[in-house]
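Student: Below, each chain spelled out in residue letters.
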Amino acid sequence: MRVLLFAGLRERAGWGERSWPHSAGLTPHQIWSQLPTPAPAHSVRVAINHSFASFDTPLNPNDELAFLPPISGG
Amino acid sequence: MEAERRDPVEATLPRLDLQLLTTSLDPLACLAAWQRQLADLPGGMPAAEAHFIGRVRGVSGQGLPLEALELEHYPAMAERRLQELALVTAQEATAVLVRHRIGQLRPGDAIVLVAVAADRRGPAQRCGQALLEGLKHDVPFWKREWVNGVGTWVEGNTPL
Chain E
4 MRVLLFAGLR ERAGWGERSW PHSAGLTPHQ IWSQLPTPAP AHSVRVAINH
54 SFASFDTPLN PNDELAFLPP ISGG
Chain H
1434 MEAERRDPVE ATLPRLDLQL LTTSLDPLAC LAAWQRQLAD LPGGMPAAEA
1484 HFIGRVRGVS GQGLPLEALE LEHYPAMAER RLQELALVTA QEATAVLVRH
1534 RIGQLRPGDA IVLVAVAADR RGPAQRCGQA LLEGLKHDVP FWKREWVNGV
1584 GTWVEGNTPL
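In the order they appear, the protein sequences are chains E and H.
Residue 4 is where the first sequence starts when you use this note's numbering, and the numbers rise one by one after that.
Residue 1434 is where the second sequence starts when you use this note's numbering, and the numbers rise one by one after that.
Calculated from the structure, these hints are not laboratory results.
Treat the hints with care, since some could be wrong.
[Stated by the list, open to error] Here are some chain H residues pointing at chain E (derived, C-beta under 8 Å): (1) T1455; (2) D1459; (3) H1533; (4) L1568; (5) K1576; (6) W1579; (7) E1588.
All C-beta atoms in this analysis are idealised placements derived from N, C-alpha and C, irrespective of residue type, glycine included.
Construct the entire structure; sequences and hints are all you get.
Tutor: Below you can see the structure in the form of structure tokens.
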């Protein structure tokens, strides 16, 4: 599966996209806890396949998971 | 001029005209083109319009002169969320126009244009407000302010 980071998260981690090995029951929370320089989880939102999701959503092997720092559009 | 013919079911849905732009946004030209299309609707121009234009401030969040503002987005998700947001918020509207910049902007440049046409001022203004707040909080855009050659990501939004 693919994991994406954006904006400040990408720069703190030093990468914007990685392939990630899938395992049964894998959740965004488990991946987040393995990132080298995570921001506070409460400040980050999760998207799975371009839709907002929760940190405990089970992931599928072909999912695109994105961690989104605080949005500042408009 | 012959009135535009639309399917009866389609005619009950708001007309959504939504775009992300990588080049400069001329909000008044966009509005004028949109209004020409509205004039061709069966029944003519809707009675009410609400417009919002957002521009780049000349100072950063720290109060320093701003050199540039960079707007990053999550391709595919930003377009999808914008479409979903417009469908949800425009239930009472006749037509919605949104233009949102991405890329590099300078102070004074237009970032966003939101325009809503409806039969009455209430739906037009409510829809415009809801769309704008949704753009600020629920469509994946991120701003980076450039001051003295240093970029700082903006975390969150200015107060309403």
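Student: For the hint on H:H1533, just tell me whether its beta-carbon gets within less than 8 Å of chain E.
Tutor: 7 Å, holds
Student: Quick check on the hint: H:E1588 CB to chain E CB, less than 8 Å?
Tutor: 5 Å, holds
Student: Min Cβ distance, H:T1455 to chain E: is it shorter than 8 Å?
Tutor: Where the cut-off is 8 Å and the nearest Cβ of chain E is about 15 Å from H:T1455, the hint is violated.
Student: Next item in the hint list is H:D1459. Is there a CB on chain E closer than 8 Å to its CB?
Tutor: 18 Å, violated
Student: Holds or violated: is there a CB of chain E closer than 8 Å to the CB of H:L1568?
Tutor: H:L1568 check passes; min Cβ-Cβ to chain E is 4 Å, inside 8 Å.
Student: Quick one, is the H:K1576 hint okay against chain E at 8 Å, beta carbons?
Tutor: 5 Å, holds
Student: When the nearest CB of chain E is found for H:W1579, is that gap smaller than 8 Å?
Tutor: Since the shortest Cβ distance to chain E is 14 Å, the answer is violated.
Taken one by one, the earlier hints fail for this structure at numbers 1, 2 and 6, listed in ascending order.
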